[in-house]
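Under my numbering, think of the first position of the sequence shown as -11, with each following residue one higher.
A hint or two may mislead.
Unchecked claim - Restraint ranges, calculated between C-beta atoms of paired labels, are given here:
{"#": "1", "residue 1": "Q(-5)", "residue 2": "R51", "range": "19 to 29 Å"}
{"#": "2", "residue 1": "P11", "residue 2": "M(-11)", "range": "17 to 27 Å"}
{"#": "3", "residue 1": "G24", "residue 2": "Q(-1)", "range": "34 to 44 Å"}
{"#": "4", "residue 1": "T19", "residue 2": "P41", "range": "19 to 29 Å"}
{"#": "5", "residue 1": "Y2", "residue 2": "G52", "range": "16 to 26 Å"}
{"#": "6", "residue 1": "G54", "residue 2": "Q(-5)", "range": "21 to 31 Å"}
{"#": "7", "residue 1": "Q49", "residue 2": "V9", "range": "25 to 35 Å"}
{"#": "8", "residue 1": "G52", "residue 2": "P(-2)", "range": "12 to 22 Å"}
{"#": "9", "residue 1": "D0", "residue 2": "D53", "range": "27 to 37 Å"}
{"#": "10", "residue 1": "D53", "residue 2": "S21", "range": "36 to 46 Å"}
{"#": "11", "residue 1": "F(-7)", "residue 2": "G52", "range": "32 to 42 Å"}
{"#": "12", "residue 1": "L(-4)", "residue 2": "A28", "range": "20 to 30 Å"}
{"#": "13", "residue 1": "V17", "residue 2": "D53", "range": "29 to 39 Å"}
To be clear, the hints were calculated from the coordinates, so they are not data collected in a lab. Note that the structure is a prediction, hence the values are computed from the model and not measured. Backbone N, C-alpha and C fix where the C-beta goes; we use that ideal spot for every residue, glycine too.
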Amino acid sequence: MEFDFTQLPPQDRYRLLTNFVGPRPIALVTTRSDAGHSNAAPMSFFNVFSQDPAIVILGVQTRGDGQ
């Protein structure tokens, strides 16, 4: 699913972003290393930071063992 945020009015961007993060879904966050290796992990600590520009923030911390 794709949304062109440049074509959405501010109130629609806000509504879309806030419904995206509530009531606290799990996001599948993906990364790719410089070597091209992909990784995906379920994350639940994220929220809307701004709707203009559209920004969703993700909180990440190390585990108790330092990983």
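Hint check results:
| no. | hint | in the structure |
| --- | --- | --- |
| 1 | Q(-5) with R51: 19 to 29 Å | 41 Å, violated |
| 2 | P11 with M(-11): 17 to 27 Å | 19 Å, holds |
| 3 | G24 with Q(-1): 34 to 44 Å | 40 Å, holds |
| 4 | T19 with P41: 19 to 29 Å | 22 Å, holds |
| 5 | Y2 with G52: 16 to 26 Å | 37 Å, violated |
| 6 | G54 with Q(-5): 21 to 31 Å | 45 Å, violated |
| 7 | Q49 with V9: 25 to 35 Å | 18 Å, violated |
| 8 | G52 with P(-2): 12 to 22 Å | 41 Å, violated |
| 9 | D0 with D53: 27 to 37 Å | 44 Å, violated |
| 10 | D53 with S21: 36 to 46 Å | 22 Å, violated |
| 11 | F(-7) with G52: 32 to 42 Å | 38 Å, holds |
| 12 | L(-4) with A28: 20 to 30 Å | 27 Å, holds |
| 13 | V17 with D53: 29 to 39 Å | 21 Å, violated |
Against the hints set out earlier in the document, violations occur for numbers 1, 5, 6, 7, 8, 9, 10 and 13.
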